[in-house]
Structures are given as C-alpha cells and as structure tokens.
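Under our numbering, think of the first position of the sequence shown as 1, with each following residue one higher.
Because the hints were derived from the structure by calculation, they are not lab data.
Each residue gets a CB set at the ideal place from its N, CA and C atoms; glycine is no exception.
Where hints are given, some of them may not hold.
Label-pair distances were calculated between CB atoms; the ranges are [stated by the list, open to error]: (1) Ile95 to Ser120: 31 to 39 angstroms; (2) Leu6 to Ile95: 41 to 49 angstroms; (3) Arg72 to Ile44: 14 to 22 angstroms; (4) Arg47 to Val22: 19 to 27 angstroms.
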Amino acid sequence: MKTSELIRLLNELDPNGNNDVVIDNIDILNIELKDSYWDGCKQILIRDPNNTKCYNIIGAEFRSDGTKLNIRTLSIKDALLNNPNLPVKVVDTFIKKTMQETIDKWRKETIDNINRYRYSK
C-alpha cells in the first residue's frame, strides 16, 4: 500500500481523526522512513485494481529498492518487559477480570525472568 492510499483511507474512514489507530489491536510506537534494504526486504502484495470489494491479492514481491514507511508497534506485554511496574488500566468492565488476570500473568513472567537472569550470574 502506498502512503497516499493509506492517507486516503484514513481520511475516508475517520474524517475527524478521532479514532485510536492500532495494528492487529496493538498501538503504534513510531513511524520511520527507511531505506528498503535496511532491516530486511519489504514484502509487497500485488492487488487486482478491479476488485475492491473482497480478497484481491494476485501476487507478491520481495523488494529492497527505494524507501519504506515503517510502522512499528509496541504491545502492552512488550512494554511490561521494559517496565514490569508500568501502570495498566483495564477500562471495559466486560473484560476487566480476564484482562487483569492476563496482565498479572505477564508481570509475573517478566519479574520471574528478570530474577532468573539476575541470580544466574
């Protein structure tokens, strides 16, 4: 997808620009413009321009030429790896119990790993 197409779709779907943007339910950490070869070839899907309503992938390419706009994500689980004491709030009461249990598990795993590393030296 080209940058212009992404911007067009964002403006079409959220003209006021007030929605959270996630990739596979994970927040965006940053966006960088990089040379395409820098951290691995870009994978480009070739689409059928006449099919805009359903699955339209008709081919693919690996490319290392030019530049790419790289969108990096950071999940809450990964953020907890950097800071196991990071405050995490579960807003939706419907998922509060399940998500709080998951967050507690992630914290414990991170702290256990830190302690295992610290005491293995």
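Which numbered hints does this structure break?
The structure breaks only hint 2.
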